[in-house]
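Novice: Generate coordinates for the entire structure from the input sequences, incorporating the hints supplied.
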Amino acid sequence: MTFTWLMTSLADATQYRAQPSPRMSESSGTLKHYFVSSEQQFDAAKMGMWLFLVTEVLLFSGMFVAYAVYRAWYPEVFALSSELLDWRLGGLNTLVLLASSFTVALSIHFIQKNEKEKTVVLLLLTLLCAAAFMVVKYFEYTGKWSHGIFPGAGFAPHDGYEAYNIAYAPQFFSIYFVMTGIHGVHVLVGMGIFVWIVSRVVRGHFSAAYYTPVELAGLYWHLVDIIWIFLFPLLYLI
Amino acid sequence: MAHGSHHIIPVRTLSIVFGALVALTFITVITSRLDLGPLNVPLALAIAGFKAIVVAAVFMALKYDNPVNMVVVSLGVTFAVIFMAITLSDTALRGALGILPSGHIPFEVETAAHSEPAEEAVPVAPSPPRTGQELYDTYCGTCHSLDGTVLPGPTFQGLGSLRTREEIMQSVLDPDTILVEGFPGLLMLSMLNALNFYTSTSDEELEALVTFIQAQ
Amino acid sequence: MSAPGQNYLNASTGLRSWLLTTDHKRIGILYAVAVTTFFLLGGIFALLVRTELAAPGETIMGPDTYNQAFTLHGVVMVFLVIIPAIPGILGNFVLPIQIGAKDVAFPRLNLFSWYIFIIGALLALSGWLVIGQVDTGWTFYTPYSSDGSTSVLWLTTAVFIAGFASILTGLNFIVTVHKMRAPGMTWNRLPLFVWAIYATAIVQVLATPVIGITMVLLFLERLMQIGIFDPALGGDPVLFQHFFWFYSHPAVYIMILPAMGIISDLMGTFSRQQVSGYTFIALSSVAIAFLGFLVWGHHMFVAGQSAISSIIFSMLTFLIGIPTGIKVFNWVATMYKGSVSLKTPMLYALMFLFLFTIGGLTGIMVGVLAVDVHLHDTYFIVAHFHYVMMGGALIGLIGGLHYWWPKITGRLYNETLGRIAAVLVFIGFNLTFFTQFIMGSRGMPRRYHDYAGLLEQYPEFTALNLASTAGSYILALGLFMILFYALLSLIRGRKAPANPWGAVTLEWTHTDSIPELHNFEKVPLVTRGPYDFHLADDVFGGRDAVQGTT
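Each protein sequence line maps, in turn, to chains A, B and C.
According to the working numbering, the first sequence holds residues 2 to 239 in order.
According to the working numbering, the second sequence holds residues 32 to 247 in order.
According to the working numbering, the third sequence holds residues 10 to 559 in order.
Honestly, the hints are just simulated from the structure, not real lab data.
Warning: the hint list may mix true and false statements.
Quick partial rundown of chain B residues pointing at chain C, CB under 10 Å, derived from the structure [said to hold, decoys possible]:
{"hint": "1", "residue": "Val-99"}
{"hint": "2", "residue": "Met-101"}
{"hint": "3", "residue": "Leu-218"}
{"hint": "4", "residue": "Ser-221"}
{"hint": "5", "residue": "Asn-227"}
Ideal placement from N, C-alpha and C gives every residue a C-beta, glycine not left out.
Specialist: Okay, structure coming up:
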């Protein structure tokens, strides 16, 4: 909820009233009264978004610290436990997210050129990738649960996973579920944002003259991608 | 001049970056299958870091952006690194200088504790019961020596002839009733509480511990 | 643009116009109302705690109730009062005007921040009323928090939500300072209050997300026993303390830095001369913000963290003394050869200087590794952080509220009552907390419900505790007096001139007695620094001359 609010609030700072004239003059009265120029509005919104992304980095840093601390204490446990995570599925998800980042970057390219149909198609592709990511995640999670690999108290490996019932394996899987879970929540939020953005592009709210919300949503999405870029090797590979 | 100055990144550049990111993903998978000894982790992190920088620079257009945003990002990353580095300087170095126990607290945990039902997690004493020596090593040895060495607490050497069994038991259960001059109160109680001594030790084990101490 | 006589207070009326306002000035007042309410609540619990300790043995409550009382006092005062107070009230009201902006960069986000702050606060308090009380202390240390009362879940959720308010406020201020400055308002013409709020905002943005994830992990620890922090499950309680203090130590600077900014402005205005070492004071705020992130482990010297870390943290802690010292010496130098006028705000500025110096220097003492082993968890620590938090942050806030009161309300308060209250606060505060230094140095442990068992060795504890409790009543009397004459001023205070203090920052020189809806008729062009008293008369043709005779 916070994210959508932030998006609307930041976007609000840069909102013009409809008439999408490409050369919006600064005296046309469409500027928020507390800004001097539209350039100032745009810069402010973007800097606000970057600051928000920094808070996301710090939020995730806590989980990375927990991972590093326990990994440094129990490297063997972490090495053994990570065998249970399928690197093929993780790798597939990495590629899916990279592709979605690519489509978002392209969509901004085309909105800057006022080619709105392409923008819409690319954003829909992004949504598709995000959905694919969540589907893969769903099969990974349910696969673990069916063997009794739960975070925390429910941890009771069975059906061939008994060998992984060792001390501190619960810590590894707790960290795994918390990190990927919170990341997954961010993916879902991103999907919500893109649905909103697509609907606004379709309704003609954005153009080469004004596309700030698209750009801010893109920044958010790339950060979600970057976090996964780190999660993948740390949890699945090494 | 609304957005006239904004850089439009060519499709070609974006495609090259995407290609590079995919290639790097394959490289990181392949290198992780090789046994590079201690180099596996730094290599994987270096590749991930490079990928992240590329995404930030091109996809997020940081390269073309107002430099202040670059400063913002760098600050965030710097403080995340500080958080991690300083925390690890504690957890990885606990036990250095021989003053405090190493490893993490508590020092011995049975996985069985995890399958316990959630309500009122009173940790069950691990079976079989630990011996007096084991308990001493886990809970007492940090502060009380057996050979007369002065540590944060008084030595146990010769304690059997100074104190009765009841007095020793009382000192274990309620450390602040008898204080040896020159040693702080409260410390032992808080340490033992922090180590879950009172909740994880059975009566049988307590007796074994007192017997062990008395024998010194 | 606006009709004559129209200002932000009468531009629109009705409850709705307040609850849906995006005007930074009105949001500042919303914060003022909320924070004052929570301050009263936290204060009542402080008085209950002190009353219990007035005499040995059980006085008015049992040990469990006592634990809950000091926990509630701590949580309310830290998360709902001191952290949001100065940025929320004065930062919102003053900062945009001081930099010549018509509003903050994201006004809707600003209102949204207030609402999440209120939601967090209500959640904390309803958890306390409905589910049961938390007795972990405001630090939520595991395993107390992972085993104890279930309302910990509510409280961690509340802190998580309130944290977002802090993050978004900080984000808003950083962007505002970067992007919204009036023409000519260069970085070295920013008032020092703006510099301080800016440095604070950096800390808010960088540190608060970590308390967010800490609360999430603690929540999951309670809910699913994930075993990261709970020692019974193989978790590490000291790791929790790292997480907690990575936020909560910088949070100390979230509390004190804005107060330092207020003091800088007060020193300049009431000494009527250029603030000495402007650049140094400005940059020392930023330096404190950064160094503040490197010292959190000094809260954990006896918690079982590695000896090497403790030594490093102890050394880094001393570094904080350098930028802090720079500020204190420059404030003193500002008064030197100035025409100091001892108006009520200045009395609080001087009080801050005195109390904060004691708080800061005892901070260096407890930062010494060996000394801390003796003083840890005693009343010495309690006294130390009250000298900084109350004697520093809250006294700074009260001084700032007196200073900007005429601008916020358009009314003057009774100067005589103001001075009497200031004296009462000063006496009450020192009586309350200096006695605690003495008790703490002799080993009176904090968070204890009773000290009867210590009297054989330290019979003086009875008298010292009684004196401390008496002091807290005097302090409360002084604070209630402030509330009284503030309300009196609202009802029948004299109308304030636009610039009653003869200050030269924009909020005094370029706005009406009560600022208009969008602050300025036209965006000001800034041609001098914030404390250039010698230039001000020339530039503004005497508009800066002292108006009124207060």
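Novice: A separate judgement is required for each hint: does it hold in the structure or not?
Specialist: Hints and how they fare:
{"no.": "1", "hint": "Val-99", "in the structure": "6 Å, holds"}
{"no.": "2", "hint": "Met-101", "in the structure": "13 Å, violated"}
{"no.": "3", "hint": "Leu-218", "in the structure": "8 Å, holds"}
{"no.": "4", "hint": "Ser-221", "in the structure": "8 Å, holds"}
{"no.": "5", "hint": "Asn-227", "in the structure": "6 Å, holds"}
In terms of the numbered hints stated before, the structure departs from hint 2 and from no other.
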